[in-house]
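Peer 1: Start from chain A and add chain B according to the hints.
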Amino acid sequence: MKLIGHIVKKDFRELSGTVAIYTLFIAAKLVLGALLVHGAAADPAMFSRIQSYGNLCLGLEVLTGYVLVAAWVHEHPLIGTRAEWMTRPISGGQLLAAKLCGLGLVMAVLPLALALPWWLGNGYGVHEIERAAAETLLRQAVVVVPALALAVLTDGFDRYVIWLLVLFGLGFGASMLPPVRAAMSTPDVAVTREWLSLAVAAATALFVVANQFFTRRTGRGVALLCFGLGGTALAAWWWPHDLTRFARRTAEATWESVPADQITLVLERARVIRRPNREPELRVAMAVRGVPPDLKLHGGRAAQTWEWGGVKIERPGELHIENFGTVAPVLRALGLRVPQMDPAWFQANAERPLRAGLLGQLIPPEGVGLSVQTPMRPAYLARMQHEPADYDLAVSLELFRPEVIGEEPLRTGGRIDRGRDHVRIARLEQVGSALRVTLVESGPAVSWKSPGRYVGTGFAGEGPEVEYFLTNRARGNASRGQELLAQRARFGTVAITWRVLEFRAPREWIGGAWVELQGWDQNLTLAKVANRRVAEVPCALQVESLPLTEDK
Amino acid sequence: MNLIETRKLSRWYGMADGVHGLALVVPQGSMCLLLGGSGAGKSTATKVLMNLLRPSEGEALVLGVDSRRLGPGEFAQIGYLAEDQTPPMHLTVREWLNDCRPFYPTWDGGLEQMLLKQFALPLDRKLRLISRGMRVKAALLTVLAFRPKLVVLDEPFAGLEPPVVAECVRGLATVAAAGDCTVLAAVSEVGEFEPLATRVALLDQGRLRLNESVEDLRARFRQVEVKGAEAHAGPAADWLEWEDTRERVRFVEPLYEGEVTERAWRERFPGAAVAAQAMTLREIHLSMMRAGRVVKKAEAA
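Protein chains in written order, with this note's numbering: chain A, 7 to 558; chain B, 1175 to 1475.
Pulled out of the complex, with its shape left as it was, chain A reads as follows (with noise of 0.2 Å):
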């Protein structure tokens, strides 16, 4: 133990100026984060700049990790007979205890111990810190892993970089190829394609830094590392089962229980859609019922069948959910009013975007609206008008649980802070009967979510995760912001952004036509809204010969 300590101290020794170095980048990065999360940039422009060189931190982190690695394992050569470290009391264990622990502090106790400040500065609790910790470690690992594999199998620096170049121009050269893609893409199976190709790529890894340590076979070692990269090649290209499953069980396992047997759809009705130069579109529209009132839908993808006798044709399709189905268990998680059955008032105070496509539509007596839009050939669609089709679908729903993260008088310099997560109100612009407001938020990064919990950003999975609300408690209304612009920097596991919003006026229903609230912007509140996913409920329609109508 102590020899093991006498040999870190003295790679520590040799190697200070480059530690140095590596730890002036990853400072230098977290000092940048800072001063982007505490208000250094006026504008998107300096805050991109200010990214830029944030980024540029972190190539050379990356640079001088790769750097260190290599300098770090040949302060002890394994290849050849001239280091004189071979012949002196020191066993291949005993050395390569020496060079992990020296690894380790450098290449992952300092990068946490720099980035502990900035986590804890962040208002990060012990789960952000865990899990932030992992993924550092995990991209440090990204660094170290093939640094050390080919810094073993190198007897100088020059043949280290020529070679991690050819390992890297592989690798990237490999990537690119055509089959490799489709592989890498293949549903159901990629993710465990990708995990698996990295697990075996790092299990060689370490079997060839174990032999260079403990045997220093040099040909094995060579033999080792192009067996693994055939493995890994072969795992990326070619394993065939899906083990993602099982995680997807865990993450089901966290989910609420919602009642799902009595969530059903029920068919509005099926139109056609016609525009000049654009293929017909045939859009299903259906109402969700059974969904309860404080969760509120998103859209995923559907499967779609429609058969005559014997012909059939299946086209996927895209879901989107109407008004009611995303605003009202916020409004609701906001504490303002939810009128019941009133699809003009929803339209009015929900500000759906018209762009969407979906104001002006039929919105469901009761349930949620949602519609299936699907472009068509004309000769199917003229065959499903002249001979309605029998009709299938089946999508999974899922449910978000709307969550007011915060809320803050509406005014520049006003915060939102709740743990690890902050909103800055940047400025504010009235721009003709809208008011935009620039937001810089920071909060954790980590893409390694867990089910259901939130990190900052969003919850683990897809779909509208963070939204804003400007709110008017004393007439009960809400707008919902519109993002005009989101520049995301990444410092640390830290996600800095910023946001442009507009919220434009609420409007009613009055005498026929929608008029635009006056005064509506006074008094205002920015509300922070997050939704937690909290299920996934298949859901089927049948429909037998199913009618068109075509759309005025």
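Among the hints, a few may not be true.
Computed cross-link-like contacts, DSSO-like style, restricted to lysine-lysine with a CA-CA straight-line distance of at most 30 Å [what the hints assert, rightly or not]:
(1) A:Lys15 x B:Lys1182
(2) A:Lys8 x B:Lys1182
(3) A:Lys15 x B:Lys1323
(4) B:Lys1182 x A:Lys16
(5) A:Lys8 x B:Lys1323
(6) B:Lys1300 x A:Lys15
(7) A:Lys16 x B:Lys1323
(8) B:Lys1291 x B:Lys1323
(9) A:Lys16 x B:Lys1291
(10) B:Lys1182 x B:Lys1323
Among the chain B residues that face chain A by a calculated CB cut under 10 Å, a handful are [unchecked claim]:
(11) Tyr1187
(12) Ala1190
(13) Lys1221
(14) Leu1226
(15) Leu1227
(16) Glu1231
(17) Gly1232
(18) Leu1235
(19) Gly1238
(20) Ala1250
(21) Ala1256
(22) Gln1259
(23) Glu1269
(24) Leu1271
(25) Val1326
(26) Tyr1430
Take a look, some chain A residues computed to stay more than 10 Å from chain B by CB distance [as the list claims (entries may be wrong)]:
(27) Arg88
(28) Ala119
(29) Ala147
(30) Arg496
None of these hints come from the bench; they were simulated from the model.
We put the CB at the ideal spot given by N, CA and C, even for glycine.
Peer 2: Frame of chain A; chain B shown alone:
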């Protein structure tokens, strides 16, 4: 007890032989010179002994352990110094010594100080800034200061000035004399090792031609000068470096056995004056090298 013993040891590089069928024995307490010219296989042999290379065939026992299994326990008793070793050039002499010290429980601070003084090493200069001779002396110090049981040297002093070599060998002698130290020195010429050597092994083209004690070797080699030999029967088969001028005949007798051999000379050179002179190890080595052959005692028998 033999500290080094090889059995049919071979190491080849592709099609080329490094060493072949080596059967080398270095008894405890001896100072063995492994002599051989360039490419004879000296470095390959020492590298196999130190587990820097794996034997292709056969085995080598060092301190009673298979060379492939040499570990920290054995290396703590072995001092190895080779010409092609790379010392840590960025360190000062002091830093290098500080680095080496913790590895050896038997490190002798007093001996370190004594050798430092003897070698006149500049403690605070980086190794890259001192002469090669100084670097070799510093390396030798790190090899000797822990009083190793076995010292293996591979052409460490090649190309150095004779006074530097003499100083290094004196240092080696100091340590060897003070304790139970066995030395194997692979060198291309005897040089300054002459007074220390107790055993000689001769390698030629990867094969061991000779492995004998210096005492035996010196006893059986004689430089012979014959004057007034008007008629003679020519050289005997074993004699080396035969030289016949009108005035005198000179040759090297490799199998001198006292009175028996002298009687044989007188019979071969009747009426001539025969003078035989003992030879130094260096002279014996050169004689065999010049003759291009080695005469072993057993062979003659």
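Peer 1: Confirm or reject each hint.
Peer 2: Structure-based check of each hint:
Between Lys15 of chain A and Lys1182 of chain B, the direct Cα distance comes to roughly 43 Å. Violation of the 30 Å bound is thereby established for this hinted pair. Pair hint Lys8 of chain A plus Lys1182 of chain B does not hold up; C-alpha atoms about 40 Å apart against a cutoff of 30 Å. With a C-alpha separation of about 29 Å, the suggested pairing of Lys15 of chain A with Lys1323 of chain B holds against the 30 Å cut-off. Distance restraint check for Lys1182 of chain B and Lys16 of chain A: the Cα-Cα separation of roughly 41 Å exceeds the 30 Å cut-off, and the hinted pair is therefore not satisfied.
At most 30 Å may separate the alpha-carbon atoms for a hinted pair to count; Lys8 of chain A and Lys1323 of chain B meet this at roughly 24 Å. A C-alpha spacing of about 19 Å is found between Lys1300 of chain B and Lys15 of chain A, which places the hinted pair at or below 30 Å, so the restraint holds. For the hint linking Lys16 of chain A to Lys1323 of chain B, the alpha-carbon distance of about 27 Å falls within 30 Å, and the restraint holds. As the CA atoms of Lys1291 of chain B and Lys1323 of chain B are separated by approximately 23 Å, the hinted pair is consistent with the 30 Å bound.
For the hint linking Lys16 of chain A to Lys1291 of chain B, the alpha-carbon distance of about 26 Å falls within 30 Å, and the restraint holds. A distance of roughly 25 Å separates the Cα atoms of Lys1182 of chain B and Lys1323 of chain B; the hinted pair therefore holds under the 30 Å criterion. The closest approach between the C-beta of Tyr1187 of chain B and any C-beta of chain A is roughly 12 Å, which is over the 10 Å cut-off, so the hint fails. Because the beta carbon of Ala1190 of chain B sits about 16 Å from the nearest beta carbon in chain A, more than 10 Å, this interface hint is broken.
Of the supplied interface hints, the one on Lys1221 of chain B holds, with its beta-carbon coming within about 5 Å of a beta-carbon of chain A, less than 10 Å. Restraint check, Leu1226 of chain B versus chain A: the minimum CB separation of about 4 Å is within 10 Å; hint holds. Given the 10 Å rule on beta carbons, the hint for Leu1227 of chain B holds: about 6 Å separates it from the nearest Cβ of chain A. A distance limit of 10 Å between C-beta atoms decides the matter here; for Glu1231 of chain B the minimum to chain A is near 17 Å, and the interface restraint is violated.
With 10 Å as the threshold, the beta carbon of Gly1232 of chain B stays out of range of chain A, its nearest partner Cβ sitting at about 19 Å, so the hint is violated. Proximity of Leu1235 of chain B to chain A is violated relative to the hint, the smallest CB-CB distance being about 17 Å (cut-off 10 Å). Here the hint on Gly1238 of chain B is broken, as its CB sits about 17 Å from the closest CB of chain A, past 10 Å. At its closest, the beta carbon of Ala1250 of chain B sits 4 Å from a beta carbon of chain A; the interface hint therefore holds under the 10 Å criterion.
The interface hint given for Ala1256 of chain B holds, since its Cβ lies 8 Å from the closest Cβ of chain A, which is under the 10 Å cut-off. For Gln1259 of chain B, the interface hint holds, the least distance from its beta-carbon to any beta-carbon of chain A being 5 Å, beneath 10 Å. The interface hint given for Glu1269 of chain B holds, since its Cβ lies 8 Å from the closest Cβ of chain A, which is under the 10 Å cut-off. A distance limit of 10 Å between C-beta atoms decides the matter here; for Leu1271 of chain B the minimum to chain A is near 13 Å, and the interface restraint is violated.
A cut of 10 Å between beta carbons decides the hint on Val1326 of chain B: the least distance to chain A is about 8 Å, and the hint holds. Given the 10 Å rule on beta carbons, the hint for Tyr1430 of chain B is violated: about 40 Å separates it from the nearest Cβ of chain A. For Arg88 of chain A, the non-interface assignment is contradicted: its Cβ lies about 5 Å from the closest Cβ of chain B, within the 10 Å cut-off. With a closest Cβ-Cβ approach of about 27 Å to chain B, Ala119 of chain A is found to remain outside the 10 Å limit, as its non-interface label requires.
Residue placement check: Ala147 of chain A keeps its beta carbon more than 10 Å from all beta carbons of chain B (closest about 30 Å). Interface exclusion of Arg496 of chain A from chain B stands, the closest Cβ pair being 38 Å apart, more than 10 Å.
The structure shown violates the earlier hints numbered 1, 2, 4, 11, 12, 16, 17, 18, 19, 24, 26, 27.
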